[in-house]
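Colleague: The task is simple: from the sequences and hints, build the whole structure.
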Amino acid sequence: MKKILSMILVLCMALTLVCVASAEGKSPVDGMTVAFIPKVSGNSFFEAANDGAQKYAAEWGLTVDYIGSPDASVTTQLELIQQAIDKGVDAICISSVDATALDEKLIEAQEAGIYVSTWDSDVSPNARALMVSQGTADVLGPMLVEMGVESLKERGVDVTGEVKYVWHFSNPSVADQNSWYVAGDAYIKENYPNWVAVHDPYYSNQDPAQSVSVGESIFEAYPDVDLIICNDSTALPGQCGAAQNKGLTAADVTITGFCPPSGMTTYLENGICTRWGLWDCGIQGALGCYLAAYVSAGNTVKVGDMVEVPGISTVEILANGDLVEGQETAEENNGVVLLPERVVFTAENVADYPF
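Residue numbers (our numbering): 1 to 355.
Simulated from the structure, these hints should not be mistaken for lab results.
Nothing here was measured: the structure is a model prediction, and the numbers come from that model.
Watch out, some of these pointers could steer you wrong.
30 Å max Cα-Cα, derived DSS-like pairs, lysine-lysine [to be verified]:
{"no.": "1", "residue 1": "K26", "residue 2": "K87"}
{"no.": "2", "residue 1": "K246", "residue 2": "K55"}
{"no.": "3", "residue 1": "K153", "residue 2": "K189"}
{"no.": "4", "residue 1": "K164", "residue 2": "K153"}
{"no.": "5", "residue 1": "K246", "residue 2": "K87"}
{"no.": "6", "residue 1": "K189", "residue 2": "K164"}
{"no.": "7", "residue 1": "K55", "residue 2": "K87"}
{"no.": "8", "residue 1": "K246", "residue 2": "K153"}
{"no.": "9", "residue 1": "K246", "residue 2": "K164"}
{"no.": "10", "residue 1": "K55", "residue 2": "K26"}
{"no.": "11", "residue 1": "K302", "residue 2": "K26"}
Here are the simulated distance ranges between beta carbons [said to hold, decoys possible]:
{"no.": "12", "residue 1": "T76", "residue 2": "H199", "range": "25 to 35 Å"}
{"no.": "13", "residue 1": "T76", "residue 2": "A186", "range": "52 to 62 Å"}
{"no.": "14", "residue 1": "Q82", "residue 2": "V343", "range": "50 to 60 Å"}
{"no.": "15", "residue 1": "M306", "residue 2": "K87", "range": "29 to 39 Å"}
{"no.": "16", "residue 1": "D252", "residue 2": "K87", "range": "46 to 56 Å"}
{"no.": "17", "residue 1": "T266", "residue 2": "E331", "range": "44 to 54 Å"}
{"no.": "18", "residue 1": "S69", "residue 2": "K302", "range": "26 to 36 Å"}
{"no.": "19", "residue 1": "S69", "residue 2": "G156", "range": "36 to 46 Å"}
{"no.": "20", "residue 1": "S213", "residue 2": "E308", "range": "22 to 32 Å"}
{"no.": "21", "residue 1": "V344", "residue 2": "S213", "range": "21 to 31 Å"}
{"no.": "22", "residue 1": "N245", "residue 2": "T314", "range": "38 to 48 Å"}
Each residue gets a CB set at the ideal place from its N, CA and C atoms; glycine is no exception.
Modeller: Next up, the structure:
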């Protein structure tokens with residue numbers, strides 16, 4: 001009888017250890033669902049971000065519910081957020097088309113226990129938990145300018161002399177793009193004082209057709225423009241398409257900015273653009289989904305905490321003020337996470353980035 005009891009006890013202990021090991025092997029977000037809402041569907045940047053989110057989510061046991069629309073408007077995003085709430089998702093990961101217009105609806109979601117993360121473009125800090133940022137303005141603004149400088153030098157332009165330039169992006173309400181423009185233009189004034197802005201920034205509202213027509217209007221108004229900086233993944237290929245329509249190449253005008261490789265390869269091959277940049281938006285989308293689910297799962301984070309994201313890296317929670325000067329940060333479940341690196345794409349390395 002004692003032997004039987006001993007065997008039963010050993011068996012119970014073994015089963016307990018197996019169960020514990022199995023539980024420990026689970027991702028902290030296992031079994032949860034995140035609504036992934038891009039700024040606009042059909043754009044290579046946002047599709048690549050979704051691809052990355054889906055890839056990592058499969059490893060984490062996380063379900064990513066892609067809820068998108070080709071209409072990049074506040075009204076549409078408010079409807080998509082409501083759809084996510086109605087579906088009863090655990091968390092929302094969104095790239096906002098406007099810095100403040102979604103706040104009320106996202107606060108409503110968080111009050112219902114659906115924590116929110118943003119990526120690419122932010123909302124007010126009190127309307128989300130964490131923001132996954134591609135970098136601070138003082139990093140990305142100068143990066144945009146220096147990519148232009150290198151391409152100008154390639155075609156023999158004296159960058160210490162007069163360079164006629166203009167910016168082309170979504171619109172001033174897209175806070176991150178506008179901050180890159182502000183930082184980049186300040187960088188130009190300090191480091192290239194002889195450059196001349198031929199016009200205030202041009203806006204094409206994340207609309208592919210509009211980005212081409214606006215791009216063509218720039219060439220019509222300023223046929224001698226030297227540099228066009230497009231800090232938007234719709235504006236950049238649109239501007240390059242406009243150059244191609246006008247019969248212009250990288251030998252005639254320098255165009256640079258941010259876009260996934262897949263959206264620009266044709267213009268690289270056709271000699272329209274030789275250099276542009278971005279970051280791994282697949283990892284950015286995945287991080288946004290993981291962190292939103294992580295907080296919704298009951299985990300608490302604060303500034304200074306390190307969060308291990310399986311398969312990606314350990315990230316640090318920073319204060320909102322590190323991204324936008326003067327922004328306050330709540331004591332818990334609020335802050336910013338930065339991506340570790342950015343990439344400049346050229347003919348030499350673009351094949352290494354299949355997104």
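Colleague: Hint by hint, note whether the structure agrees.
Modeller: Now the hints, each set against the structure:
Proximity of K26 to K87 is assessed by CA-CA distance (about 25 Å); at most 30 Å being required, the pair is judged to hold. With a C-alpha separation of about 40 Å, the suggested pair K246 and K55 falls outside the 30 Å cut-off, and the hint is violated. For a cut-off of 30 Å, the pair hint linking K153 to K189 stands: about 18 Å separates their Cα positions. Of the pairs offered as hints, the one joining K164 and K153 holds, with about 14 Å between alpha carbons and a cut-off of 30 Å not exceeded.
Restraint check for K246 and K87: the C-alpha separation of about 47 Å exceeds 30 Å, so the hint is violated. Only pairs whose Cα atoms come within 30 Å are accepted, and K189 paired with K164 is accepted, the gap being roughly 13 Å. Among the hinted pairs, K55 with K87 is consistent with the structure: their alpha-carbon atoms are about 22 Å apart, no more than 30 Å. Under the criterion of a C-alpha separation no larger than 30 Å, the hint pairing K246 with K153 is consistent with the structure, at around 23 Å.
Note on K246 and K164: the hinted pairing holds, with a Cα-Cα distance of about 19 Å set against a maximum of 30 Å. A distance of roughly 17 Å separates the Cα atoms of K55 and K26; the hinted pair therefore holds under the 30 Å criterion. Using a Cα cut-off of 30 Å, the hinted pair K302 and K26 holds, with the two alpha carbons roughly 23 Å apart. Evaluation of the 25 to 35 Å hint for T76 and H199 yields a pass: the beta carbon distance comes to about 30 Å.
Distance hint check for T76 and A186: the Cβ-Cβ separation is about 34 Å, which falls outside the suggested range of 52 to 62 Å. For the pair Q82 and V343, the supplied restraint of 50 to 60 Å is violated, since their beta-carbon distance comes to about 36 Å. A hinted range of 29 to 39 Å for the beta carbons of M306 and K87 is consistent with their spacing of about 32 Å. Checked against the hint of 46 to 56 Å, the C-beta distance between D252 and K87 comes to roughly 50 Å, which is consistent with it.
Between T266 and E331 the Cβ separation comes to about 49 Å, which falls inside the hinted range of 44 to 54 Å. Roughly 35 Å separates the CB atoms of S69 and K302, a value that falls within the hinted 26 to 36 Å. A hinted range of 36 to 46 Å for the beta carbons of S69 and G156 is consistent with their spacing of about 45 Å. For the pair S213 and E308, the supplied restraint of 22 to 32 Å is violated, since their beta-carbon distance comes to about 47 Å.
Taken as a hint, the range 21 to 31 Å holds for the pair V344 and S213, whose Cβ atoms sit roughly 28 Å apart. One distance hint, 38 to 48 Å for the beta-carbon pair N245 and T314, holds here, with the actual separation near 47 Å.
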